[in-house]
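J.: When you get a sec, could you build the whole thing from the sequences and use the hints?
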Amino acid sequence: MSALTFTLKLKPDQRVDMSPLVCHKLDGMQAAEIAALTLQNGKRKIRVDELFDIAGSDAQNIVIKNSFGKLDFIGKELDGGRITVEGDAGAYLGLGMKSGEIEVSGDVGIYAACEMKKGFLTINGNAGDFLGAALPGNKMGMKGGTVLVKGNVGERAGDHMRRGNILIEGNAGDYCGSRMTAGTIAVMGQTGKYLGFAMRRGTLLLWNQPQASARFNDCGAHTLAFLPILFASFKKFNSKFADGSAAFNRVQRYAGDMSEMGRGEVLVKIG
Amino acid sequence: MIINGVTIDATFAEAFPMKATRAIITAQNEKWAMISAQAMTGFATSVIACGCEAGIERVLDPSETPDGRPGVSIMIFAMGGKGLAKQLETRAGQCVLTSPTSALFAGIDGGTRIALGKNLRYFGDGFQVAKLIDGKRYWRIPVMDGEFLAEATTGQVDAVGGGNFLVLAESQPQALAACEAAIEEMRKIPNVIMPFPGGVVRSGSKVGSKYAALGASTNDAFCPTLKGMTKTDLSPEIESVMEIVIDGLTKEDIDKAMRVGIQAVCDLGATNGIKRISAGNYGGKLGPFHFHLQEIMA
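Going down the list, the protein sequences come from chains A and B.
So that you can map any letter, position 15 of the first sequence is 30 in my numbering, and since no number is skipped, the others follow by simple counting.
So that you can map any letter, position 227 of the second sequence is 641 in my numbering, and since no number is skipped, the others follow by simple counting.
Derived by calculation from the structure, the hints in this document are not laboratory data.
Any given hint could be a false lead.
Examples of chain B residues lying across from chain A (beta carbon under 7 Å, computed) [stated by the list, open to error]:
#	residue
1	Pro480
2	Asp481
3	Gly482
4	Ala517
5	Lys545
6	Ile547
7	Asp548
8	Tyr552
9	Arg554
10	Leu563
Ideal Cβ placement from N, Cα and C applies to all residues, glycine included.
T.: Right under this line is the structure:
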C-alpha cells in the first residue's frame, strides 16, 4: 500500500486549515470520500480535491507535497501514523499531537508542537515563535514527546512547557524556556535574551554560554549522572544530538528563575 | 546414582513461591559499586528473621549499565510483594543513597512496578528533580557528593525460593572446599542468588522445635556430632555437612544452578572426601516446587 499523498496544485491566498487530514481521521475512508472533504480556506470552504491531487491509499502514512507556509494545523491532534511534509508548514503544526510522527522538510510557522502530548516531530528547517508552547491563555504547553529542530527557532520556545524534550540544533530566540514548568530544552547554538524568564522547573541544556542574567544563580561546575542517560536516549534520532561527540556530562549549573519558584536549571557545557 | 564416587540421593529439594526484584547499582568504580551492593544485600540470608533474602547476582561491565559506569546487579526475594517493596526501599535508602558516587537503576523492566527511587526522592527536601527519559522516570536527588540518581521504579516478578542441596563430606575442610567450588560455578548462572554467607549455610534447619516459641531448629538428622543420639541420616564416615540454598526467578534457573553446583562438587569426587549429595525437604507437602536431584543430574 503506497502512502496517501496530497500534492498541492495551487497556492491559495488565504490560509488553509489542514486539521481534517490526519491519519486517524482518514483511516478507512475511500478516495472519493477524502476528495469530498472540505477544508477551511480563509472565509470559505474548499474541497480537498480542489486543492490537492490525491494518490495512494495508506492513511497511516500521509505525504503532503509542495507544502507552503499557509497550510496550518497539519497533524492537529495526530493519534498514530506518520505525516511527511515536503516543503514548509504553516502555524500550529502538530497542535495537541497525541502520538505518531511528523516530519517537515522545510520551515514551520508559529506554535509548532503547541500543547503536544506525545510522539515525535522533526523540523528540518527553522521553527517560528512559541514552539512547544501553550495556546494563549492556557497554562500548559507541551506535555510530552520530542521535537527536533535542525534549524533555528523563534522566540518563547517551550513557553509553559510541562514535560518532554525540545532539541534545537541551531539557535533559539529570546525568552527560550519562558514560564517553563518542567521538561528539557537543549540548544546547540546560541540563545537570545531573557533565557528561562519566569521558569519554575525544568532543564535548559546549552552548548554555549548564555547572556548573563541576575535571575539565575551560579551553582558551580558539576558532573551529572543523568546526562549520559539523556544523551543515550538521543542516539535513535537522525540528528547531531545522536553523535557521540555531542554528548557531555560536565556542566556549569545555574538555578532559577529566582524571581519565580527557582527550581529550574540552566546547564551549560564545560569544555 | 553415583557420579565420580559421590552418591546422589534419590530425594528432592522443596522450594516455595516468592516475589523477587532486581536492582542495578553503579558507582565511580567497581569497588564502590560492590561496597554499596554488599551493604544493600547484607543481613538478608533468610526470610525467617531478615525479612528478605538478597544477594549479588553478578558484576556488570560499564557497557551493560544504564549510565555507562561499573555496576553490580543485586536481587531481593521476599514471601510477599508488600514485604519486598518495604525491604527494597529501606535498603536502597540506607545502603545505596548513602554510598558515595552511587546510582540506582531498575533491573527488571516488566512485572509489577514497585518503588525504587520514587519515595527516596523526598530526601531531596523539594530540591529533587524528575527526568522522564525514554519512558523511564529518574529522580535526581541532591546529596553532599553531588547528585544521587535513582530510577523511580523497578519490576517485581513471581519467583522461586529455597532450592537447595547438601554436601556430605568426610571432613569440614573438604565440605567447605566442595561448596566453594560449587558456588564459583553457580555464580555464573544468571537470575539466581545464593543468599547465605559466601553462598553456603552450615546450619540447615528442620521445621519445629522442642521449644514452643521456635518454628525451626537444627537439622539434627544431618548433624554429625549427633550421629549416636538421634535418628541420623548420616553414615559413620560423614563428619561435616554443608548446604547451598538457591533463590531464582524461575524453576529452570534453579535447575541450572543446582546442576552446575552439584557437578562441581562431584568433580572433586570421593577422592577429595565428598561422599554424598542430598537435599532438604518437608515431605513434599509444603512447597509446590520439587527439585529431584537425580533428575537434575541425569
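J.: Indicate, hint by hint, whether the structure satisfies it.
T.: For each hint, the structure was consulted:
1. Pro480: Holds - the Cβ of Pro480/B comes within 7 Å of chain A, reaching about 6 Å at its closest.
2. Asp481: 5 Å, holds
3. Gly482: 5 Å, holds
4. Ala517: 5 Å, holds
5. Lys545: 5 Å, holds
6. Ile547: Interface hint status for Ile547/B: holds (5 Å vs cutoff 7 Å).
7. Asp548: 5 Å, holds
8. Tyr552: Check passed: Cβ of Tyr552/B comes within 6 Å of chain A, closer than 7 Å.
9. Arg554: For Arg554/B, the interface hint holds, since the closest Cβ of chain A sits about 6 Å away, which is under 7 Å.
10. Leu563: 4 Å, holds
Consistency note: the structure conflicts with none of the earlier hints.
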